[in-house]
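Next come the chains, spelled out residue by residue.
Number of protein chains: 2
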Amino acid sequence: MSWIKRMLIGRPLKSAELGEQKINKTKALAILSSDALSSVAYGPEQILLVLVTVGAAAFWYSIPIGVGVLVLLTALILSYRQIIYAYPHGGGAYVVSKENLGKYPGLVAGGSLLVDYILTVAVSVSAGTDAITSAFPSLHAYSVGIAIIFVILITILNLRGLTESASILSYPVYLFVAALFILIGVGVYQIATGRFSPDLHASLGTEVAGISLFLLLRAFASGSSALTGVEAISNAIPNFKEPAPQNATRTLIAMGTLLAILFSGIVYLAYELGVSPKAEVTVVSQIAEEIFGRGFLYFFIQGTTALILILAANTGYSAFPLLAVNLAKDKFIPKMFTNRGDRLGYSNGIIFLGIFSIILILAFEGQTEHLIPLYAVGVFIPFTLSQTGMMMKWLRTRPSGWVIKLVINTTGAAISCIVSLMFFFTKFGQVWPVLIFLPGMVWIFYKIRKHYDTVGDQLRITSCEPVPPIEGNVVILPVAGITHVVEYSLNYAKSLSPHQIIAVYVPFEREEELAFQEKWQKWQPDVRLVTLLSPYRSIITPLSKFIDTVQRKASESHYQVTVIIPQFIPRKGWHNILHNQSSIFIRTHLLLSRNVIITTVPYRLKK
Amino acid sequence: MSWIKRMLIGRPLKSAELGEQKINKTKALAILSSDALSSVAYGPEQILLVLVTVGAAAFWYSIPIGVGVLVLLTALILSYRQIIYAYPHGGGAYVVSKENLGKYPGLVAGGSLLVDYILTVAVSVSAGTDAITSAFPSLHAYSVGIAIIFVILITILNLRGLTESASILSYPVYLFVAALFILIGVGVYQIATGRFSPDLHASLGTEVAGISLFLLLRAFASGSSALTGVEAISNAIPNFKEPAPQNATRTLIAMGTLLAILFSGIVYLAYELGVSPKAEVTVVSQIAEEIFGRGFLYFFIQGTTALILILAANTGYSAFPLLAVNLAKDKFIPKMFTNRGDRLGYSNGIIFLGIFSIILILAFEGQTEHLIPLYAVGVFIPFTLSQTGMMMKWLRTRPSGWVIKLVINTTGAAISCIVSLMFFFTKFGQVWPVLIFLPGMVWIFYKIRKHYDTVGDQLRITSCEPVPPIEGNVVILPVAGITHVVEYSLNYAKSLSPHQIIAVYVPFEREEELAFQEKWQKWQPDVRLVTLLSPYRSIITPLSKFIDTVQRKASESHYQVTVIIPQFIPRKGWHNILHNQSSIFIRTHLLLSRNVIITTVPYRLKK
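Protein sequence lines, in the order shown, are assigned to chains A and B. All residue numbers for the first sequence refer to our numbering, where the first residue is 756 and numbers rise by one. All residue numbers for the second sequence refer to our numbering, where the first residue is 756 and numbers rise by one.
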């Protein structure tokens, strides 16, 4: 087993090697922005999908809506820039909301993001797999299996550790950005040189019958799903090389700029070329085909799009474990999420994320597209909460220049809040599960925290209840016969407490009882033997009753009762089924139901 | 949990109540012959299925073939009658072959029968379910589920105990016998009164083109599948009321007589009425329809046939556990098969049989008909071996009248051997798996026996190697912090061995190490603390190494090393995931890999 682990995730690293695992800006941009950048592949299309319901003439609205999304993007980037400086240890929406708005808003933000990262992985990998199976239709039947293999691969890469996965993952991201830059550049040049007829699209301001504010809001909400992922950097600040906040801010701004250029480029090209959304071919694919024809560049764009969609999942892998650490440090989720694995990553978070994404992919059989609105609303709720938290912070602390800061965060909060509400108003049928799982998660967080608190109170040495002293030991030794195992256990018992040993034998029949008593008398006349005739052939019931009796007497004189249980350790695992191993049942039963100490004396079979 | 068990299988019984569980002849006939009697429902049909391949004119051969089967039946009944008296403690083919032919023939017989009983259950229940779903075609889609429910019901009945299941199970068997008697009686009367034209069938001795000895042998082998189940009584003698051998013999003869009458009646009626086998309607069903029309008696026969087919499974449940006990007593299969359950049945055998039959039904999706030849050959191999064993016994011991006995068993052995060989020659495609699983099972039996033998040698107190004395104890206490749990465990350690306690702390970082040493020094200055800095964040590796060091020193002075491991016992099961519970991992690892004694100190959380 252990060599498999080595091969997959590499040699263990020392805690002191942690610094070497930190990443620079170029790699960070690749790792943390693949989610945000990849959404360019579907964001503009989401807008057109809403507008097409009233007709192609309405497509010009994508330009003002696109501008709206850019405004929202700017507000978010500026807001998150302020968050990074204010909270250089990361934690993003959870920490910000918790500190400024209180525990429950923090938990809502944290729970929302935890689920969201799982959705990110499932949705992105499924979408990437769809892109591949569209190219190779013969693979279509295996798409669930392919998606799961991708999740496993990404999980392993992340268990190997951050820098190594970053090296592998940065190429596709930069290739995707380069591909889209070429597409947009060539496209704009062709438009400028008049290759495309202006009749392909309705001009801006054309009146459209049937357009409504509701529809435009819905299109805007859909378009803003392109902004999911912009919060990832603020969660991952501790992964940056020092000075972390400066590096994180620069990465954030670079990402925002790239996202803005790519998003507006695609929206603009789609408008100019009059692209209409189709079921089988994506908008980006149509644009690329119009501009390049079905040549090398077309397939290059399709390929890098598929890759970046799959890698977008990696953003979830960077952010989820860090958020989980923050929640676990506050004792809202199990402590195990704070353990660093062999390669210094928070392995439990990584594995948990992988398993749950696979479950989601299996549950939806790879058809996770209709999870996109759920996923988007799960992002905008924490956006809203964290921006609101920042507003409170500025109002409370009033540092120099707080008015500008307040204005930025207020704008961010207001727009995020509106987008969230728009999702509820315009897509309730798809986002309602949020209303169930968010309260559910907060309740679970609360129960876990309460448990840890009560346990902590009980363990604290300063608490009033003193541990009772132990004056001596009574040793109970259940025996099944007269064998080497019993002899060995008896020797051990004698070394502990020579005068307080009770051997217990549980016969099923009277003759057996008498015969054993006689044999014992000859073999160990000095050790007291108690036989408990068990007509119902149960060993545990009479033994437990006897232990209760002994314990009652022992506790009067502050004696501790220890039960010695011999256990066979066969040389091969399968041999275990050849031995009744009732010792294991007895041990578990007594441990759970009686207040006794259980000593396991292993008896190793040599052959 | 325990009340569910009570409800399903009843209150536990005392060992002394075993006598009351023994069964009388009437019930025994019902329980132990349902397998044999039910095969009347398909045995004659199997003959016709072979003959129909050369044409309806060949059907008259079913009469001489039927006579052949009756001769075989007589030989088997007489042979088994002798076995019952010679081996009144049961065990049938396994015991007889083992004692007279040696270990390996015995194991071949035993292994063959073990598998066969599993096949009995799967095949019979599937066939019975088919009969039901033929009557109610809307249930057809659920036939696998229905079959599994029947297996579970029969398993529960058998776990409840023998007499109670016998009471429930005897009615359908007697109803089936009564129904067939009525059918045969009315049929013979109608033939005698000339209701059916003699042209319906070719007369005996008609020449048939294409008939061959091979075909006739094949038909005979197929027909002898009706004799599966006759060995059941000889395996189950210990279940009979005293005098068991007499009662068993009378039951055996009663069963043989019934089987002979029913089998020859059906063969005769099928011949007289000229019934030809059809895919959808069974031969018995065709006969019943001819004689009664589709009235009450027709459905009565169909219904009791379905019931007895399902109950035939019960024969497997009576015989399998007893055979398993015999094998387990000889240490060829795990000892657990000798444990009596709450209701004094050998529950492990019953449960094992139920599980494996369900697996077979699932694996073949309820289509177990083509397992019939495999099942038949699996019966005739032990038949042959046990009869051969009896031959050897008579030749060796030569009691009074041994020549007649020898002749009877020699005839039985010869016919059984011929039938077995015929299966291999004429149906090799269906029976070849026997050649794989029989050697496989014998090999497993051999390995298990060898393991028990070596273990027994090691445990025997008379063996040369003396248990080394224990001069004193070194107690190692891994600590994770300064808490009540540690305090409590430390108190216990002090009560065992006040001067040889080593507390071990495994810090991941240098600062942590220093801080803990300081705290410990203040808290427990008298207890030696060892800190094991673990840069790779593993607890088990440094701890194991340290234990090795301590153990090396301790063993020089015959000291025993005990590791005390505190374990949280939370009040609710799910709380376990909130605690790292590394203690459980450490315990298991040390127990399996180091020669130390592990003491678990439970710390029960009160809230």
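Hints in this document: simulated from the structure, not taken from any laboratory. Predicted model, so just to flag it, every value in this text is computed and none were measured. From the three backbone atoms N, C-alpha and C, an ideal C-beta is built for every residue, glycine too. Hints should not be assumed to be uniformly reliable.
[To be verified] Only part of the chain B face toward chain A is listed, based on derived beta-carbon distances under 8 Å:
1. Pro767
2. Leu971
3. Arg1204
4. His1206
5. Gln1213
6. Leu1214
7. Asn1246
8. Ser1312
9. Gln1315
10. Leu1346
11. Ile1353
12. Pro1357
[Said to hold, decoys possible] Pairwise CB distance ranges, derived in the manner of DEER restraints:
13. B/Arg1326 to A/Trp1198: 13 to 23 Å
14. A/Tyr897 to B/Gln1122: 21 to 31 Å
15. A/Leu908 to B/Gly1227: 52 to 62 Å
Violated hints, by number in ascending order, as checked against the structure: The structure breaks hints 2, 3 and 8; every other hint is satisfied.
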